[in-house]
Structures are given as structure tokens and as C-alpha cells.
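2 protein chains.
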Amino acid sequence: MTDVLLRGGRPWGLDSPADILVRDGRIAGIGPGLTAGRVVDIEGRLVLPGLVEAHCHLDKTLYGGPWVPHSADDTLAGRIANDLARRGELGVPSVERVSALLRTMRSYGTAHVRTHTDVDPGVGLRGVEAVMEAAEATGMDVQQVAFPQHGILTNPGTAELLEEALKSGVAAIGGLDPAGVDRDPLRHLDLVFDLASRYGASVDIHLHDGGTLGAWELELIIERTKALGLGGRVTVSHAYAFGQIDASTQDRLAEGMAEAGVAVATAAVYSFPVPPIKKLRAAGVVVACGHDGIRDLWGPYGSGDMLERAMHVAYRSTFRRDEDIELALEAATYGGARALGLPGYGLAEGDRADLVVVPAGSAAEAVVTHPPRTLVMLGGVVQDG
Amino acid sequence: MTDVLLRGGRPWGLDSPADILVRDGRIAGIGPGLTAGRVVDIEGRLVLPGLVEAHCHLDKTLYGGPWVPHSADDTLAGRIANDLARRGELGVPSVERVSALLRTMRSYGTAHVRTHTDVDPGVGLRGVEAVMEAAEATGMDVQQVAFPQHGILTNPGTAELLEEALKSGVAAIGGLDPAGVDRDPLRHLDLVFDLASRYGASVDIHLHDGGTLGAWELELIIERTKALGLGGRVTVSHAYAFGQIDASTQDRLAEGMAEAGVAVATAAVYSFPVPPIKKLRAAGVVVACGHDGIRDLWGPYGSGDMLERAMHVAYRSTFRRDEDIELALEAATYGGARALGLPGYGLAEGDRADLVVVPAGSAAEAVVTHPPRTLVMLGGVVQDG
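These protein sequences, in sequence, are chains A and B. The first sequence begins at 1 in our numbering and counts up one residue at a time. The second sequence begins at 1 in our numbering and counts up one residue at a time.
If you are wondering where the hints come from, they were derived from the structure by calculation, not from laboratory data. A hint or two may mislead.
Treat identical chains as interchangeable: a pair holds within one or across any two.
[As the list claims (entries may be wrong)] Each computed EDC-like pair below joins lysine to aspartate or glutamate, with the alpha-carbon atoms no more than 20 Å apart: (1) 278 - 190; (2) 167 - 349; (3) 279 - 73; (4) 278 - 43; (5) 167 - 351; (6) 278 - 74; (7) 278 - 323; (8) 226 - 255; (9) 278 - 73; (10) 226 - 41; (11) 167 - 120; (12) 278 - 324; (13) 279 - 74; (14) 278 - 384; (15) 167 - 41; (16) 167 - 133; (17) 279 - 322; (18) 279 - 96.
Here the structure is a predicted model, which means the values were calculated and not measured.
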């Protein structure tokens, strides 16, 4: 493979322009005045590491197909019933739809994806298989979470299927509102953490439970993460409670999560609370972000562009200053990489050459305007628009 | 002027495709099988009336210039001080910047703009003049609100300047947090409504004051609108309080506003509360929307695209169903037109031929995806991309 030189760009985090030399899919050098057989001039453009989609639901997507008017009523129960009733009719999960979405994500510079795949007695492991097939077809790096969308304890047969998913190589085990949905937080969490521990899997738990209930469940998650030594491999997704509790409880939980190695993934969807990112980062908590659903039976929104998603995260956090807006971009890059446990991620020599070139004068501008990408390179290979 | 026929489009609100015949800047016919000298084929595309930007701050914009990192601290007082300190240095207000933004707005299909222009002893009427000049230079329909950004009673000399603005032909008089900022809600509102009444001006009041305080101020506004017979000419912008009060107070105020003819304009910015649009519309209250600031010293966000802004309004309202999402589009079209008092607005025969053609299968899809416009026609004239 010929060496490629991206010349004259401004790698995010460096104070001055630098050339990036790419060899064998990795960054072989970064600095001024490098040379190579093939040179791509990106003068003055911003260079980001490959974007990380840390929370989505590929298996549910209707992306690339015709517009499907949302048909559920305005309740959670209504959305669940609507999903179960219509997914078969609409051909969900669909390898074609998932592949279409993955290709769009890649065109925006997303290099890594964590997706929560429904696993339940109705759909079995068909979602897991469809996502695996789409990942293979597109060559995208996709990490699946076996996700009990309809409960574990309240949906007999699910626990066994989750274990089967882990046996088949799924990297992470999910959970869902251990109190609010599954009605027995201790048994729910013990079951999830036990599976993670036995199969060497990561944990990523949907926590919509709000206020003091959600805060208490965060404590339970912290305790189990510590007890089982799973620090660095546990993520709490959404964590709405964080935005609804008093500042001192926020502080205490942020410290506990940082100490235990529990990350937070936010999607900043609709009007739901966004966790206090600045406070979490100041405490040392890893913060990642993602789209949540994209064009599916749960809602029609989402583009697949992680720079646009970072805009939503920054906007909903009322981040106006450049350094604050950069926290949202950090969540869509380094934060996501840490939550997903990605090795060799970044813009340093030796890192995987996943590079996104953006016509923006600063990282904050890239988030706010999320302009068309100038160039996307994954594993050293320049991608087609 | 040659007749133009837009053929085969799907005008929003009609059940079947229809041709639109445009003559002398107006819609001369709408229905199947029309003919004209010049035909533009828009087969299957959605046709919307010209979009209405009902709340922005053109005079403050830095649009089209280099990225300016936000330099205020996180307080309202900090943002005000920063604005006053830096607007001169950055050449605000700038005819060039305002014109650049108006051109972008037009390229997205915005036909009408209401903008709140700072009027205070520091800037005098320079903002009003700059916006007027930019409107003339671009040929855009811009309605100005003389806006006391830094208070009226608390900022001596402002009241006289507001009156001067109205004398010079500015169409509307603004107000700002009569209690929270200006500290004397009765005198503030009496002054604003008296000026409106004497000069035949419309009223558009920024109301960020929250909870029961903001709700009480809404009552004061309703009372004055009725007393002075200004129904249909009064708008409350933002009205955060609506999202913070109990449902029965919401109901009572919505009924009062509908009866008095007081409209609401929302921008759905950051994480600030969005008024309950569905409830307001059900009660018969006119709802409009706009960007608020676009790329200015108050914050770096905003694109000028009213379909994208409608997406924010729908998203923050947790609208998922097509008919709900359409409420946001209604705010960006008919609702804005009613709030601004625009004559001849719509898609009926005789209406001004301000037409936006969008590659979307439905109004909801147009909002969610806000794709590049296929064609923008203003006053019967097709605009350049």
C-alpha cells in the first residue's frame, strides 16, 4: 500500500498545521514537512479522528426506505406495542436498511458504532444476525449490545437469549430501567452483571428512570461495577436522572462513576434531560454520545451524522463557548472510543488512520455547522463520498 | 411577465397533485391540467408557501464572516455586557452581514422575516437603518420590531428612541421581561402598548420570565390587548413560562390568549422550555416560530433554514406523528403569516406566489429531513440557488 500524506491540515488538538503520513492503515507520522508517494492537499482544513457513534439502534431502522408515518400513540407502552405489532410487517430487522444506514454513517466520517440490538423471544437473535451481516457487507466496525428492549424478568425467555447472544460473540450486554420497566432492580442488575462477568462482556444499560429512583439505580450500578472489577467496561445510556437531581447528588454520583469507571452515553433527543456533561467531565467521567433511534418505529428523526448529533448535545447543554462545544465533539470521538474500549484510537503516531477532514476553522465551528465532509479516511483508505 | 406553470407538484394541504399557475407574481390557478408558456416540472415534489421567519435578530448577526468564538460568561448579565463591549469592535450592526444572512434565508425559501432590532442610546437607530438598507439591497420582505434589548425604564433614553423608530416607519414595538429585566411590569407594558396604540404598530414582547411570574405577565398582556383592541397584532415571544406552569393554568392562559388575539412565537433554542404548541393550537392561539439569534454575540448557532428550525420546534415538542410535526411547519408558515399580519399568504388562488418546492414525500418528512430546496419562487420569480 502506497504511503499517503494529508498535507497542511490542522489536526484537532494541535496548535499548528501538520502533515499526517499514513502507512499500512496507521498514522506513521504527524508534523510539519513530511513527504510521501501520494499527497492529498487539505490545506487549512480541520482533521478529526474517526467519529464514534456510541448509542444507536441499527436493527430497528427503516433508513433508506420510504417515509413511514409514526403510528404509535404518545405513551411508552404504545410505542412498545406499536413496535412489536409492526416490525414484522415492515421487514425489521433488515440487512438492507441497516447497511444503508451504516454507509451513510461512514460517509459522514463515523468509524465505529455501538448499537443496541433487540433480543427477545419474538425476534430471537435475528436482529443480532442482521446487524452482523450488514457490518460485514459494509466493512464497518460495529459493536453490538444484546438489548432486552422489552424487559428481562418481565419477558420470560429473554435472559436465555441474552446469554446465547453473548455466546455467539456479541460484545456487550444491555439492560433497561431495572426498576421502571423490569420492576426488580436488584435481580435485573445482578443478572446483567453476572452475564457480563462470566462472558467477559461489556455492560451498557438504558436508564430512563428519572429523579431519585434513577439516581439510586446509578448507585447500584456503581456498586456492582466495583464489586466485579468491571471498571472501564460499563456505560449508562441516557441517565436522565442526572439532569433531574440536586447539584450535590450530581457531584456525589459523578465522583462515584469516575472512581468506579462507569461511563455515560447521551443522545440529547427530544426534550429529555441531558446529563451535566461539563460536571461529569470535570469529575473524570467518560462521556460518549450517539443518535439513539434513527428513522424507526420509535421516532422519525436522525441523520446518522455524528457532527450533527454533537451539535444537538452541545445545543441542549447550552454550550456557547468553543471550549464547551468541544466537549460535545469529545463525546463523539475520544469519549466514545473510551466507552467502547477502542484500541489505537486518536491522532497520534501509531493510531489507526481513521480521519475526518472538515472545512471548518475550529472544532466548535465543525460541530455548530456540521458541514459536508471534505474527506473521510478509514483504516488508511479514502472513502467515496 | 410570462405565465409560469409549476407542474405536477403536491401542494401542502391538498389531497392530490396539482399544477400551480403563476401570473403577475400571484397564484392564478391551482388544480389539474393547467397550461402556460413556461412549464417547470416538479413532479411529485411537495410545494409549501414561502417560509416565515417570525423571530430573529438580524442586526446582531456576524453571519458570513469568520467564526467568532463566544466570549461571554454563562450569565445573562455577562452576555449583555459582552454584547455592549464587543458589537462596535466587530462592526455590528453590519449591512453586509445582514444582507448575507437574508440571502441565505431566501435560498432556503424564507419569504418573510420579522426581526427584533436593538434600539438603545448606545446604538441609536443605526441597527434599524442597517436592517432597512439590507432589506432594500436584497429585496427581502423584512418587518422590524424596535427592540429594547437592554430595558426601557432601566435604560434612560430608550423610550424616546423607540418612539422615534416608530415614527420612522418601523412596524412593531418590542418589550423585554417587564418584571425580570425592567423591574416594573405595569409601567413597561403600559408604555409599550401606548406606543403601539398611538402609532398603529404591532407588539412583540420577549418574555423569558418563567413560572408564575411569567404567567402573570401573560395575563397583563392579555388584559392590555383587549383593552386597546389590539387583538391579532400582539405576539409574545419565547413565553418560557408556558412550559413551566401547571396544566390548568396553561389551559386558562391559552383560552385567554386565543380570545384576546395574542400569538406566541417560539424558537426552541438550547434547552429552554418550548410552549405547549398542541394545546395552544387546540385552543386557537396563533403559533409562529423563528431562529432567535443566528451566529451572533449571544450564541454561535443557527443556519437561517426555517425547515431546520421547524425540526427543532417539533423535536423539542417530542412530536413524532406526522400530524404533530406538521404543527411545527404550520408555525413556520401560516402561523408566522398570521402573527406578522401578512395579506395574501398561502397556496390559494390570488395568494402571492411565494412557493418552496421540497423533495419530500410529506410535510413531516420535509421538516425532519429539511433537504436542499428544489426550487424557491418569491413573488412569482424563481430564485437562484
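Hint-by-hint comparison with the structure:
1. In this assembly of identical chains, residue 278 and residue 190 lie within 20 Å of each other by CA distance neither inside one copy nor across copies; the values are 31 Å within and 42 Å between.
2. With identical chains, the CA atoms of residue 167 and residue 349 are never at most 20 Å apart, being 35 Å at best within one copy and 66 Å at best between copies.
3. Only between protomers do residue 279 and residue 73 lie at most 20 Å apart by alpha-carbon distance; the minimum there is 16 Å, versus 36 Å within a single protomer.
4. Proximity of residue 278 to residue 43 under the C-alpha cut-off of 20 Å is found in neither arrangement, the shortest distances being 32 Å within a copy and 49 Å between copies.
5. In this homomeric assembly, residue 167 and residue 351 never come within 20 Å of each other (Cα to Cα): the closest approach is 30 Å inside a single copy and 65 Å across copies.
6. With identical chains, the CA atoms of residue 278 and residue 74 are at most 20 Å apart between copies only, with a shortest distance of 13 Å across copies and 32 Å within one.
7. In this assembly of identical chains, residue 278 and residue 323 lie within 20 Å of each other by CA distance solely inside one copy; the values are 10 Å within and 37 Å between copies.
8. Taking identical chains as interchangeable, the C-alpha atoms of residue 226 and residue 255 lie at most 20 Å apart only when both belong to the same chain, with a minimum of 13 Å there against 55 Å between chains.
9. With identical chains, the CA atoms of residue 278 and residue 73 are at most 20 Å apart between copies only, with a shortest distance of 14 Å across copies and 35 Å within one.
10. In this homomeric assembly, residue 226 and residue 41 never come within 20 Å of each other (Cα to Cα): the closest approach is 48 Å inside a single copy and 65 Å across copies.
11. Taking the shortest alpha-carbon separations for residue 167 and residue 120, only the intra-copy value of 16 Å comes in at or below 20 Å, while the best inter-copy value is 70 Å.
12. Only within a single protomer do residue 278 and residue 324 lie at most 20 Å apart by alpha-carbon distance; the minimum there is 8 Å, versus 33 Å between protomers.
13. Only between protomers do residue 279 and residue 74 lie at most 20 Å apart by alpha-carbon distance; the minimum there is 14 Å, versus 32 Å within a single protomer.
14. For the identical chains of this complex, residue 278 and residue 384 are neighbours neither inside a copy (36 Å) nor across copies (43 Å), given an alpha-carbon limit of 20 Å.
15. Taking the shortest Cα distances, residue 167 and residue 41 never come within 20 Å of each other, neither inside one copy (46 Å) nor across copies (56 Å).
16. In the homo-oligomer, the alpha carbons of residue 167 and residue 133 lie at most 20 Å apart inside one protomer (17 Å), although the nearest pairing across protomers, at 69 Å, exceeds that limit.
17. Taking CA atoms no more than 20 Å apart as the test, residue 279 paired with residue 322 passes inside one copy only; the shortest distance there is 17 Å, against 37 Å between copies.
18. Taking CA atoms no more than 20 Å apart as the test, residue 279 paired with residue 96 passes in neither setting, with 40 Å inside one copy and 40 Å between copies.
In this structure, the earlier hints numbered 1, 2, 4, 5, 10, 14, 15 and 18 are contradicted, and the remaining ones agree with it.
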